[in-house]
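Student: Single-letter residue listing:
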Amino acid sequence: MKIEIRHLSKRFGTVEAVSDVSFAVEEGELLGLLGPSGSGKTTVLRIIAGLETPSTGDILIDSVRVNDLPAQRRNIGFVFQHYALFKHLTVFHNVAFGLKIKKWRRAEMAQRVSDLLRLMGLEALADRYPHQLSGGQRQRVAIARALAPKPSVLLLDEPFGAVDAKVRQELREWLIRLHDDLNVTSLFVTHDQEEAMEVSDRIIVFAKGHLEQIGSPADVYEEPATEFVARFIGSMNILEAKVTNGKAKVGSMEFPVSEFPDGQQVQVGFRPYYVKVSEDPARFRQQARLRHVYFLGVAYRLEIETDDGVILRSRMNKEEYRQCKFEVGQPVSYAITHFRILPQEGKPGAFLQPPQPPESGPFTP
Amino acid sequence: MRKLLIAIVWLYFGILLIGPLAYLCRQAMSDGVAAFWGEITRPEAVHGFKLTTEITVIVLVLNLIFGTVTALVLARQQFKGRTLLSGLIDLPFAVSPVIAGFMLVLLFGPETLLGMFFGALDIKVLFAMPAMVLATLFVTFPFVVRELTPVLQTLGKAGEESARTLGANEWQVFLKVTLPAVRWGLVYGATLTIARAIGEFGAVLVVSGNVLLLTQTATLHIYQSYVDFNYVGAYAVAMVLIVVSFAILTVLEVARVRATAGDS
Amino acid sequence: MKPDTLAGLALRSAAVGYVLCLVLLPLLVIGKQSLAGGLASFLEDIRQPQAAAAIVLTLEMALVTTMINAVFGTLSALALVRYEFPGRWFLNAVVDLPFAIPTLVAGLMIAAIYGTTSPFGAWLQQGGIAVLYNTPGIVLAMLFVTMPFTIRAVQPVLMELEREQEEAAYTLGAGRWATFWKVIVPGMLPGLLTGVFLTFVRALGEFGSVVIVAGNIPMKTQVAPVYVYGEIESYNPRGATSVSVLILLISFVALVIMERLTRPPGERLPIFVQRRLTVEPLSR
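Residue numbers (the numbering used here), protein chains in the order written: chain P, 32 to 396; chain B, 51 to 314; chain A, 150 to 433.
Everything labelled a hint here was simulated from the structure, so no lab data went into it.
Wrong hints could be hidden among the right ones.
Derived contacts from chain A toward chain B, CB cut-off under 8 Å, selection only [what the hints assert, rightly or not]:
1. L155
2. Y232
3. I259
4. Y282
5. W326
6. F356
7. I361
8. N365
9. L395
10. L398
11. S400
12. I406
13. M407
Where a beta carbon is used, it is the ideal one built from N, C-alpha and C, also for glycine.
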């Protein structure tokens with residue numbers, strides 16, 4: 032089923048939790064709503080479910096406006112952050128709850144519930160009560176319960192927020208597989224950018240009730256549409272600079288920005304893996320000192336301090352790192368191979384500097 | 051629906067609690083402040099207040115000591131019969147005060163073993179202070195234990211164990227770690243004990259003999275005045291106890307807020 | 150206080166010994182006394198017309214009190230937890246007043262306002278409703294002293310029942326009515342049952358307030374504890390013992406049933422029932 036949100040706003044008293052948000056979720060898509068807490072993403076989800084009423088704007092499910100339809104009649108499945116399982120019912124009866132309300136026949140109901148429990152790997156726990164389950168099991172019961180009445184849309188509010196890191200990883204992979212199997216249109220809310228990247232077909236980034244960007248995980252990561260997205264997703268070095276003679280200068284670093292008029296204040300952003308570092312002072316033109324090395328498991332993060340006192344983060348894979356023999360405190364040389372000028376409030380896009388061979392060093396002092 | 055519910059709740063509280071309370075206060079003052087003052091300063095009334103205070107203090111001290119010990123044993127020790135002990139503690143809640151008093155009469159009556167024993171020592175138990183204290187102890191025993199045990203259980207052993215690793219002995223652990231952590235639970239239980247001890251009537255009535263100026267507590271004095279048709283006298287002394295009740299209620303509220311704030 | 154140390158053992162002995170002497174010994178004595186004349190004489194005692202009437206009246210009054218208390222206590226708890234209204238804070242604070250006010254004083258209060266000397270009582274009398282020295286007075290007295298039980302038992306359970314559970318029911322297609330009966334009521338049932346049984350047991354044993362308002366007319370308005378008191382005063386320990394033991398037995402059975410019913414679902418072993426009167430402050 033396709034969901035469309037048109038010019039949605041929601042005020043709580045004087046606070047505008049959601050302001051003028053429009054987007055569409057395509058049939059069968061798995062869409063992530065990403066943003067920090069208080070950014071309005073959960074409110075959007077609850078409005079779609081019918082648990083909140085919008086102040087203005089429309090919600091369409093399959094091109095039908097459902098604004099005035101109560102939650103009971105929207106045929107959506109909702110998975111709550113803290114599970115919200117019925118404590119007085121067994122796993123079986125929790126999953127059967129929606130079917131009983133819809134007055135399914137006993138035999139069909141039992142069939143549907145046991146099918147779902149098998150799908151979720153919960154058959155053995157059918158007679159347990161919620162307080163006898165682990166966090167991951169409770170979450171799976173919550174999802175089974177939401178799926179039981181065959182909803183046209185599945186909504187998940189921070190589905191993995193309350194379980195520990197290892198279980199969270201398993202549940203993520205499991206959710207992707209489940210979605211591939213069932214192909215039910217799904218929206219999930221998260222504040223964890225890594226989770227959003229990994230699980231979603233597309234991501235919507237929220238900040239302060241505004242929709243900041245919508246796109247594939249790669250789009251959002253590589254081409255952040257706003258400064259907020261650039262800062263929120265992944266790690267980025269961001270420097271403030273003033274344009275003089277078509278160049279943005281930060282100490283001895285210079286970035287060609289011919290499109291911008293002189294005197295303009297700009298923000299230069301670049302991901303850590305675009306900062307190349309060598310223990311050979313002659314390798315790159317820029318000079319710095321190595322302050323710290325962090326081992327990240329799959330890679331290393333280096334923190335360097337340039338001669339102008341600017342601190343930059345760099346990322347290296349293990350092979351690269353092993354070739355250089357770094358010692359903390361030693362002088363190093365570095366180069367920046369890509370950068371972007373971050374979009375400013377109300378100003379359109381930015382550009383990506385084409386990659387240049389690191390040997391040459393893109394910028395002259 | 052919502053307004054109806056709120057109206058029903060106000061009506062329920064009004065009929066049962068607020069109305070009767072307000073009317074009694076008015077009636078106590080119906081003959082003027084001087085009459086009120088006269089009633090509560092009569093020798094019988096003053097003696098009643100004194101006796102009630104004495105019994106309450108003794109009962110409170112005993113309950114604090116044995117209540118804390120029992121709560122510690124229930125919360126910190128695993129042993130056979132723990133569930134049974136826990137069940138026994140609840141029993142006084144289920145025993146009518148009159149029956150509680152009657153049980154003491156049966157226990158210390160002149161023909162019983164204990165009665166003869168104390169009789170031989172020339173100690174008067176029944177129809178005297180010891181039986182009144184015992185009766186009040188019986189009905190108030192659960193309060194401290196029942197408030198303290200769950201607080202101790204949620205508190206856990208971690209603090210006590212870390213104090214032991216730092217070299218504190220058991221007594222120091224109790225005084226410096228356990229007691230400060232559960233103090234508001236203890237205050238709550240102690241306040242309930244005081245309230246019940248001051249207000250106890252049935253059990254004390256049975257064991258006291260209700261002798262004027264000797265074994266007549268404040269509640270017994272109220273009863274006596276009421277039976278003797280001295281309504282203003284009964285209402286006036288009752289007023290004093292109501293004022294005490296409000297003080298108790300305030301302490302309960304404070305202790306509850308503090309105790310739950312300490313839990314989190 | 151480790152159990153294996155000498156101090157731990159001493160502490161345990163003190164606690165067990167104290168409880169045995171204070172609580173169990175008196176109960177054993179009255180139990181033994183009641184069987185002194187054999188079962189037949191016990192049955193004969195409680196079949197005495199006056200005794201039987203008192204027992205039946207007590208059970209009836211306690212049941213009526215329990216039902217009224219269950220309904221209005223639940224409504225009060227719902228209103229106090231769910232709604233913001235003028236005076237909510239005040240009502241929530243005075244709920245505990247019956248715990249603090251002596252039961253005798255509670256009886257006085259009810260006798261004063263519902264007696265025919267007060268304008269309100271006189272007005273009721275004119276309408277044909279005699280409260281004092283009559284069964285409605287007994288129920289009012291029992292209601293007063295048991296008022297906090299249901300409210301204080303249901304309140305924390307209601308607070309714990311997350312709004313999300315109701316919303317989950319809505320998204321699964323349940324309407325308000327179905328949600329109330331299938332989610333809210335079962336959710337608060339453990340608290341409600343605790344309140345109901347405590348109310349019943351307390352009402353059975355109530356003396357101080359009832360003795361004032363009931364009038365204690367044998368065969369008509371004399372409840373069992375008042376009957377027991379009368380027997381003690383008239384030096385008839387045998388009759389007092391039998392009725393006492395019967396009331397005690399009913400109370401204990403009620404408590405055991407409560408313990409069974411309020412165990413968390415799916416638990417075989419009895420869980421330490423937390424009967425703490427402390428309730429979370431109203432912060433929402």
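Student: Please go over all the hints and tell whether each is borne out by the structure.
Tutor: To see whether the hints hold, each was checked on the structure:
1. L155: This hint is violated: L155 (chain A) lies away from chain B, its Cβ roughly 10 Å from the closest one there, beyond 8 Å.
2. Y232: With a closest approach of 6 Å, the Y232 (chain A) hint holds.
3. I259: holds, 5 Å
4. Y282: violated, 14 Å
5. W326: Check failed: Cβ of W326 (chain A) comes no nearer than 12 Å to chain B, outside 8 Å.
6. F356: Interface hint status for F356 (chain A): holds (4 Å vs cutoff 8 Å).
7. I361: Holds, because the Cβ-Cβ distance from I361 (chain A) to chain B comes to roughly 7 Å (cut-off 8 Å).
8. N365: Not OK, violated: N365 (chain A) not within 8 Å of chain B, min 11 Å.
9. L395: violated, 10 Å
10. L398: With a minimum Cβ separation of about 10 Å from chain B (threshold 8 Å), the hint on L398 (chain A) is violated.
11. S400: Hint on S400 (chain A): holds, closest Cβ of chain B at ~4 Å, below 8 Å.
12. I406: Interface hint status for I406 (chain A): violated (12 Å vs cutoff 8 Å).
13. M407: violated, 10 Å
Hints 1, 4, 5, 8, 9, 10, 12, 13 from the list above are not met by this structure, while the remaining hints are.
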